[in-house]
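Student: Build the full structure now, drawing on both the sequences and the hints.
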Amino acid sequence: MNVTGGQVFRWRELEDGRWLGVDGSAWFAVRTAADRYHVQSNQPEQSFVRLFSLDVDLRSLHEALLGRGPELMPYIEAFPGLRLVRTEDPVEGLFSFLCTPNNHIKRIAGMVRYLASVGPLLDTVEGEAIHRFPGLELISAIPEETLRTSGFGYRAATIPRAASAILERGGSAFLERIQRLPFEEAHQSLQELPGVGPKLADCILLFAFHRTEAVPVDTHIWQAATRHYFPEWQGTDLTGKKYAQIGAFMRERFGNHAGWAQQFLFHDNMLNWRTRRTQTSS
DNA sequence: TAGGGACCTGCC
DNA sequence: GCAGGTCCCT
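Just so you know, we're using this note's numbering here: the first sequence kicks off at 987 and counts up by one.
It cannot be assumed that every hint is accurate.
[To be verified] Label pairs and their calculated CB-CB ranges: (1) 1017 <-> 1044: 19 to 29 Å; (2) 1050 <-> 1170: 17 to 27 Å; (3) 1222 <-> 1114: 45 to 55 Å; (4) 1259 <-> 1159: 35 to 45 Å; (5) 1021 <-> 1204: 28 to 38 Å; (6) 1003 <-> 1139: 29 to 39 Å; (7) 1053 <-> 1113: 44 to 54 Å; (8) 1103 <-> 1053: 44 to 54 Å; (9) 1153 <-> 1053: 35 to 45 Å; (10) 1130 <-> 1017: 35 to 45 Å.
[To be verified] Below, in silico cross-link-like pairs of lysine-lysine (DSS-like), each with a Cα-Cα straight-line distance of 25 Å or less: (11) 1228 <-> 1185; (12) 1227 <-> 1185; (13) 1185 <-> 1092.
Since the hints were derived computationally from the structure, they do not count as laboratory data. Note that the structure is a prediction, hence the values are computed from the model and not measured. By construction, the Cβ of each residue, glycine as well, lies at the ideal position given by its N, Cα and C atoms.
Tutor: Have a look at this one:
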């Protein structure tokens, strides 16, 4: 099973080889063995099934994707177990992605872990304190200076301000509205929040709200898109207009599965872009 | 719209 | 320099 997305920021490997993760008020300690998972959790099994979309039949999903985009074949074959997560708490995904701009995974994970530590204690597992991710009020109350000294850099300012902006718009009601809104409107609304541009809006929709038609276009998807779909753009820069065109193209091609297609392209390029660039530049 | 630069920090 | 961008300014 391969999983990418915001929620992986709160998964880590324990010394005994198990993976410990938190989602909403649920925690999971997972041991993988052959083709099975052994899961210890404070929640019933359905929570785990839901989180990892284990109820999604990958075989028919792959067929649907390949029917629209045969160019995905090598990526699907390379990552046959790739899945989108389906998180419980949009607040966690939203604020996790506010940590990502112009940043790298390792540091992002540390920042997300710090934010989580502000939340209420859920449990203690293997000596590890498990925190529920803080709610909007708690996040909005974190002083910028505290985040600055905790290594958040300039994101120290946007994170509490974004929480306040959501609260001003109704808090959880705003989040529920985002969930129901047509895609383009939801994408626009999220960009009212400080620190949220087109890319983060797509990440938040895909990973925090499980809007599977969302297509975050980062450097990896830009490379894949110019390789497969827009060869005439090779060597040019990604602009706002091209960003929108890539998403629209992917949605037209893959419909509500565009986000899944994005994941295959992203995952492949993420793992192979260094060698690929070496090949093409030499 | 497109182009350019600043922005925190840490790793390659 | 650059990393899973955004914001602000010509």
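Student: So which of those numbered hints doesn't the model satisfy?
Tutor: Of the numbered hints, all hold.
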